[in-house]
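Colleague: Going line by line, the protein sequences match chains A and B.
Using numbering that gives the first Met the number 0, you'd call the opening residue of the first sequence number 0 and step up by one each time.
Using numbering that gives the first Met the number 0, you'd call the opening residue of the second sequence number 0 and step up by one each time.
Everything labelled a hint here was simulated from the structure, so no lab data went into it.
By construction, the Cβ of each residue, glycine as well, lies at the ideal position given by its N, Cα and C atoms.
Mixed in with the good hints, there may be bad ones.
One side of the interface only, derived from the structure: several residues of chain B facing chain A at Cβ under 10 Å [what the hints assert, rightly or not]:
| # | residue |
| --- | --- |
| 1 | R161 |
| 2 | V162 |
| 3 | E210 |
| 4 | G216 |
| 5 | R219 |
| 6 | R225 |
| 7 | S297 |
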Amino acid sequence: MTSNSLVSINELKIDVRITKSLRLKIVDSATFDVERGQILGLIGESGSGKTMLCRSLVGTLGRRGAYIAGGDLVFDGIDLITAKPSDWRDIRGKRIGYVPQSALAGPNPVMTIGAQLAEAIEQSENHDKDYIRKRSLELLEIVQIRRPEIVLKQYPYDLSGGMKQRVMIACAIAQQPSLIVADEPTTGLDVTVQAEIMDLLKRIRSEFSTSIILVSHDLPLINDVCDDIVVMHAGATVEKVSSAQVSHSLHPYTRALYSSRIDLVEPKGQLVTIKGQPPTVGQWPSGCRFADRCDFVVDSCRSASTVPLVSVAQDHMTACLRFDQIGK
Amino acid sequence: MKNQALRKILGRLVRAFSVSFWVMFISFTIIRLTPGDPATARLGVEAGKAATDALRKQLKLDVNPIQQFFSYTNGLFHGDLGISLQTGRPVLDIVKSTLPVTLTLILLSTAAAVIISIPIGTYIGWSGKSSSVYAFRTLTSIILATPNFFIAMIGILFFSVRVNWAPVFGYTPQFPGNLKYLWLPVAVNTLIMTAVVSRVLSSSVLETKGEEFVETGIIRGVGRIRFFWFYILKPSLAPTVVLLSYMMGTMLGATVILETIFTLPGIGREMIGAVLTSDYPVVQGILLFFGFITVALSFTGDLIAFWLDRRVKI
């Protein structure tokens with residue numbers, strides 16, 4: 000763990016309260032760092048705990064009855080686990096921007112785009128109207144929305160999915176936060192728009208040197224954009240690898256995700272899928288949780304009490320007991 | 000866009016006018032489809048043919064229905080709704096004297112229901128605490144399952160007979176003296192409306208709560224009052240507003256029961272009296288007013304809903 004990290008997550012555990020006595024483990028071993036100015040891809044199937052991790056970074060776990068049950072979560076020197084509501088007011092929006100999961104439901108349907116941007120710009124400071132308008136137009140130009148003057152007066156209802164998501168990105172960067180959390184920002188958008196949004200995020204990083212956590216289940220989509228890839232499986236980080244090295248991954252799950260991509264340029268005959276289903280949330284088997292779906296499984300994978308995340312190379316960590324035999 | 004919104008509103012206005020025309024047409028037709036001859040009804044079967052024919056001529060019933068419709072429409076535009084067969088009073092006068100009573104009853108109970116429902120509905124929908132939701136559902140179900148006349152009678156029994164806070168019957172049209180007679184029927188009506196409105200509002204709020212944009216608003220750190228209005232109430236209010244405008248329309252006719260129990264000289268009671276005596280110009284006139292008011296209410300309701308939330312189709 001370098002001291003330069005903007006976000007440092009170590010052995011983070013998130014539980015959700017089902018009833019008074021029943022607790023369900025959603026995330027139980029998330030470990031990774033986000034460097035300054037880095038785009039980090041967070042990959043995993045549904046139920047792997049990606050969204051809950053994002054929520055822990057913006058402090059909205061409580062809304063879904065979830066809470067942090069252990070581990071460390073530090074953002075820019077601030078311990079987010081013990082952060083008070085007043086601390087959150089200074090962090091949310093100002094230092095951590097958030098781009099919601101669904102582009103279609105992200106913007107408030109009963110406010111004009113201008114009003115939402117103004118809200119994102121203003122927050123606690125009282126800027127005058129001219130400044131807000133100028134800044135709104137500037138933000139819309141950064142996210143490449145044409146005819147911004149007109150868009151300001153429109154409702155989300157009038158915009159396409161891609162434009163809505165651009166507006167959400169504009170809102171997220173309004174206060175120039177040092178981190179943007181984008182939770183599956185391209186869900187429900189068509190492929191060309193997805194690529195445009197990815198380009199936009201990349202440009203924002205290079206222009207403002209903002210760190211971005213980009214959550215997705217689509218490894219090929221984000222691999223070009225990201226510097227590092229963190230793979231989550233069944234509530235645990237199973238691998239952290241630089242995007243350039245993804246094809247040389249040492250975890251069978253990452254390899255499976257990578258080979259199940261659809262190559263549009265050079266279509267191959269057979270579509271590769273991952274066999275089996277991810278284990279039910281909170282009812283994870285002991286030992287390696289990927290064992291039942293893994294081609295490389297041996298008895299010791301199941302009998303091991305835990306599978307530690309070990310450093311195998313510079314910037315490469317993996318949680319596989321047999322990593323030294325994979326990739327050969 | 001501005002123009003698009005304007006076009007939608009204009010389209011809705013055109014529809015309101017066309018519905019008004021059909022209201023007029025149907026209120027004219029339906030009364031003529033009922034059995035019985037008004038002239039005979041008034042003069043009695045013993046009256047000679049000459050007398051009945053004379054009355055027919057006076058009532059302009061001797062020409063064919065199409066001509067009758069045109070002369071009726073023509074009268075309408077000059078403020079002439081005909082005269083009562085029973086009392087000879089102009090229908091417009093009857094409406095003018097009875098409608099304010101009913102309207103006061105409806106407006107007061109609607110206002111009270113809105114004021115009470117917004118905090119209750121929002122709280123129940125937003126908190127989602129199972130114990131309070133359960134209590135709320137049970138209570139509103141009981142209220143909704145009880146007929147309004149029963150609630151009214153219990154109200155009279157308690158407030159008028161036991162503690163003597165409200166007169167058992169009577170009315171005075173002057174404000175504020177009329178409130179003495181109106182408060183109990185208004186309270187009964189408010190109770191029923193609150194049950195419906197707060198239920199609808201709470202389920203809308205519950206739905207809004209799960210929306211992604213609410214999460215975005217929290218993360219953006221929106222101030223408390225702004226959040227309450229723009230992220231909870233405004234996106235949830237449209238169905239409630241539409242429901243309210245519809246309820247107010249149907250209540251025009253439905254208050255007849257309350258007006259009878261509380262002996263209020265309202266338009267509903269007048270209407271029942273007119274139906275029972277085949278006083279068809281009065282029935283026709285009142286139906287017409289009911290129709291126009293209902294159309295105007297639903298137009299206003301749709302307009303407010305559209306102003307609140309552009310996703311609403313009008």
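Colleague: Does each hint fit the structure? Answer for all of them.
Modeller: Status of the hints after comparison with the structure:
The restraint placing R161 of chain B at the interface with chain A is violated, with a minimum CB-CB distance near 44 Å, outside the 10 Å limit. Because the smallest distance between the Cβ of V162 of chain B and any Cβ of chain A comes to about 44 Å, over 10 Å, the interface hint for this residue is violated. The interface hint given for E210 of chain B holds, since its Cβ lies 6 Å from the closest Cβ of chain A, which is under the 10 Å cut-off. Contact between G216 of chain B and chain A, as hinted, is supported at the beta carbon level, the nearest pair being about 7 Å apart and thus within 10 Å.
Interface hint at R219 of chain B: satisfied, since its Cβ lies 5 Å from the closest Cβ of chain A, which is below the 10 Å cut-off. Look at R225 of chain B: its Cβ gets to within about 7 Å of chain A, closer than 10 Å, so that hint holds up. Hint on S297 of chain B is violated. Least Cβ distance to chain A is approximately 21 Å, over the 10 Å limit.
Checked against the numbered hints given earlier, the structure breaks hints 1, 2 and 7 and satisfies all the rest.
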